[in-house]
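Just so we're aligned, residue 1 is where the sequence shown starts under full-length UniProt numbering, counting upward by one.
Treat the hints with care, since some could be wrong.
For lysine to any residue, the following SDA-like pairs were computed, each having C-alpha atoms within a straight-line distance of at most 20 Å [said to hold, decoys possible]: (1) 277 x 302; (2) 226 x 275; (3) 263 x 328; (4) 19 x 5; (5) 118 x 282; (6) 12 x 401; (7) 423 x 404; (8) 19 x 386; (9) 226 x 274; (10) 490 x 478; (11) 118 x 228; (12) 490 x 501; (13) 137 x 221; (14) 328 x 494; (15) 456 x 4; (16) 231 x 106; (17) 31 x 70; (18) 137 x 126; (19) 137 x 125; (20) 423 x 449; (21) 436 x 448; (22) 263 x 404; (23) 436 x 404.
Simulated restraints on C-beta separations [what the hints assert, rightly or not]: (24) 18 x 48: 17 to 27 Å; (25) 394 x 115: 47 to 57 Å; (26) 115 x 385: 27 to 37 Å; (27) 490 x 119: 47 to 57 Å.
Hint data in this document are derived by calculation from the structure and do not stem from the laboratory. What you are looking at is a predicted structure, and each value in this text was computed from that prediction instead of being measured. Don't be surprised by glycine CBs; every beta carbon is placed ideally from N, CA and C.
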Amino acid sequence: MGVSGLTPFLQKICPNVLKTLPNRLQTLRGKKIVIDGTLITQRFHFTSEPHLYRHVLGWYRLAQELDDNGVQAICVFDGKQRSAAKAQENQRRRAVRRLTVARGSLEQDRFQRLRKLKDGVECFQNLDLSQQHEVIKALDIETDAKDTCATLLQEDIVPTGEKPEEICPPTPDEVPPLTPEETPQPTPEEDRPARTVRLLDETSQILPSDPGDLVTLFTSLHLSYKANVAKLSSLTVDSTSTQAQKLPPSVTDDEATEYVMTKAQHQLTVEENNLWKQLSTSLASPPPVLSGLVEEELGALVDRSQTMQTSFQRRTNFPNSNTYRESKEILTAMGIPCIDATGAVEGEALASSMVLGGLADYVASEDTDVLVYDAPLIKNISSRSDPLVVVSGADVRTSLELDRAAFVDFALLLGTDFSQRIKNLGPTNAYHFIRKHGTIEQILEAIETQPRYTLKISRDVYLAQVQIAREVFGTLPPVPPSSALEAGVKSDKDITEIMQRYGLGFAHSENWDYTAAYDSLLGGNPFEDDPRA
1 MGVSGLTPFL QKICPNVLKT LPNRLQTLRG KKIVIDGTLI TQRFHFTSEP
51 HLYRHVLGWY RLAQELDDNG VQAICVFDGK QRSAAKAQEN QRRRAVRRLT
101 VARGSLEQDR FQRLRKLKDG VECFQNLDLS QQHEVIKALD IETDAKDTCA
151 TLLQEDIVPT GEKPEEICPP TPDEVPPLTP EETPQPTPEE DRPARTVRLL
201 DETSQILPSD PGDLVTLFTS LHLSYKANVA KLSSLTVDST STQAQKLPPS
251 VTDDEATEYV MTKAQHQLTV EENNLWKQLS TSLASPPPVL SGLVEEELGA
301 LVDRSQTMQT SFQRRTNFPN SNTYRESKEI LTAMGIPCID ATGAVEGEAL
351 ASSMVLGGLA DYVASEDTDV LVYDAPLIKN ISSRSDPLVV VSGADVRTSL
401 ELDRAAFVDF ALLLGTDFSQ RIKNLGPTNA YHFIRKHGTI EQILEAIETQ
451 PRYTLKISRD VYLAQVQIAR EVFGTLPPVP PSSALEAGVK SDKDITEIMQ
501 RYGLGFAHSE NWDYTAAYDS LLGGNPFEDD PRA
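Model the full assembly from the supplied sequences, consistent with the hints where possible.
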């Protein structure tokens with residue numbers, strides 16, 4: 001989303017263009033900003049705030065901050081159609097989301113498994129010695145050096161190198177339904193295994209009460225663990241072969257592997273494998289003694305798995321049409337006009353057009369495409385604890401000594417939603433090349449004999465992407481009529497009703513104007529006291 005790596009590059013090369021406003025909106029009193037409603041809604045949705053309607057809460061607090069500091073705002077949301085120029089990028093994001101959902105499901109299984117294993121170990125410790133021997137004999141624990149799980153967890157399946165791009169949440173119409181081919185089918189009777197193992201209900205909170213139940217629990221959990229490792233390994237291999245054929249060309253084999261199995265998730269799996277080995281060794285040795293270290297490591301794994309599972313849940317719980325509708329509802333009640341871009345127009349493009357057309361002073365977004373449009377950008381608007389950062393596209397061009405055409409090409413070399421990058425061409429070299437050669441076409445000619453720099457697609461296809469991207473960044477969408485930009489009337493009644501309906505009355509009461517409410521109800525204050533006292 002935006003220009004890949006542009007902000008870190010600016011921080012290194014020309015940090016003076018990034019102006020920090022520690023007092024946030026106080027510094028912008030009397031100004032008007034256009035907020036990228038789609039992106040900021042996504043930011044509020046993916047925050048760690050546990051409330052179901054955290055997006056409503058986030059918008060309420062931001063709108064209140066704007067009002068308190070005398071800053072006018074307009075919210076612009078993406079059009080319902082997807083830009084044809086971003087078709088390949090949208091396809092890539094959908095593929096990444098599907099893989100992330102698969103990873104999250106496996107991590108949820110791990111958390112349930114480790115939590116039950118922890119309970120089972122505690123129950124085992126409470127058994128007398130004869131019962132413990134009964135459990136061990138029934139388990140028939142093997143300490144064979146040929147560990148199939150360890151084989152699947154070899155380090156070479158985890159790639160090194162740069163991290164994949166941040167997984168971008170979809171707009172409401174971007175989440176594809178499962179196709180018939182993707183929908184799981186029941187296993188045919190003849191293909192089902194003849195031998196079955198009774199698995200405990202994952203949601204059951206009943207702890208094992210006798211050795212037989214413990215045997216069932218440990219057997220079930222160990223089988224679940226081995227299946228989990230096999231699934232992770234299978235997904236990894238599949239992503240670099242069969243699945244890679246379905247991914248857009250912009251996703252390399254290494255990136256596809258990284259999408260499926262992050263290094264943190266891989267490390268957690270390795271440590272779980274080591275834990276099972278320690279359990280096997282401890283239980284197989286007479287007498288069966290589990291050291292405090294094993295139990296401590298198990299507890300730490302449970303905590304880390306829960307943290308990772310929660311992270312996956314947040315990342316795969318995408319905003320939907322209700323999320324945006326509810327956000328617009330509270331914004332309208334707060335007197336902030338909401339505008340839906342028409343057709344395939346992106347919100348940041350329309351916001352930039354409005355600012356460059358003199359209808360507002362800044363675009364508030366995290367999307368650095370705004371700078372390529374040459375508009376001034378405000379970052380960190382959704383984070384109340386962080387200072388605002390203001391950066392102007394024109395100032396960036398001046399500091400980099402690039403004209404507009406060269407700056408657009410530089411952004412395309414860094415990577416945007418509209419075009420792919422040249423492999424191994426990082427920001428520093430891209431800047432050097434654009435200063436030296438002027439255009440992407442001339443750069444391609446200059447690096448033609450350098451095998452280090454390669455295109456993942458044909459030169460003609462790449463240049464076609466570049467040309468479309470140049471047209472996108474060189475064409476501003478028409479602005480809405482002035483009547484649509486007029487501030488609405490703030491309605492305390494509507495705000496109260498909305499906040500209470502979504503269980504957020506506690507937040508509204510913090511900002512309730514008791515004096516205004518008292519005057520409204522009683523026509524003044526005949527007792528000349530302070531109702532807030």
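Against the structure, the hints:
1. 277 x 302: holds (17 Å)
2. 226 x 275: holds (13 Å)
3. 263 x 328: violated (38 Å)
4. 19 x 5: Between residue 19 and residue 5 the Cα gap is close to 18 Å, so the pair holds against 20 Å.
5. 118 x 282: holds (15 Å)
6. 12 x 401: holds (16 Å)
7. 423 x 404: At roughly 24 Å apart (the allowed maximum being 20 Å), residue 404 and residue 423 break the hint.
8. 19 x 386: holds (13 Å)
9. 226 x 274: holds (13 Å)
10. 490 x 478: The given pair, whose Cα atoms are some 28 Å apart, is violated under the 20 Å limit.
11. 118 x 228: holds (18 Å)
12. 490 x 501: holds (18 Å)
13. 137 x 221: Since the Cα atoms of residue 137 and residue 221 sit roughly 17 Å apart, the hinted pair holds (cutoff 20 Å).
14. 328 x 494: holds (13 Å)
15. 456 x 4: Status holds; Cα separation ~17 Å.
16. 231 x 106: It holds: about 8 Å lies between the C-alpha atoms, which stays within 20 Å.
17. 31 x 70: The hint holds at about 8 Å.
18. 137 x 126: Within the cut-off at roughly 17 Å; holds.
19. 137 x 125: The hint holds at about 16 Å.
20. 423 x 449: holds (14 Å)
21. 436 x 448: holds (15 Å)
22. 263 x 404: Distance ~40 Å between residue 263 and residue 404 Cα, so the pair is violated.
23. 436 x 404: Within the cut-off at roughly 15 Å; holds.
24. 18 x 48: 17 to 27 Å: Between residue 18 and residue 48, where Cβ atoms are some 26 Å apart, the hint holds.
25. 394 x 115: 47 to 57 Å: holds (55 Å)
26. 115 x 385: 27 to 37 Å: At roughly 33 Å between Cβ atoms, residue 385 and residue 115 fall inside 27 to 37 Å, so the hint holds.
27. 490 x 119: 47 to 57 Å: holds (53 Å)
The earlier numbered hints that this structure contradicts are 3, 7, 10, 22.
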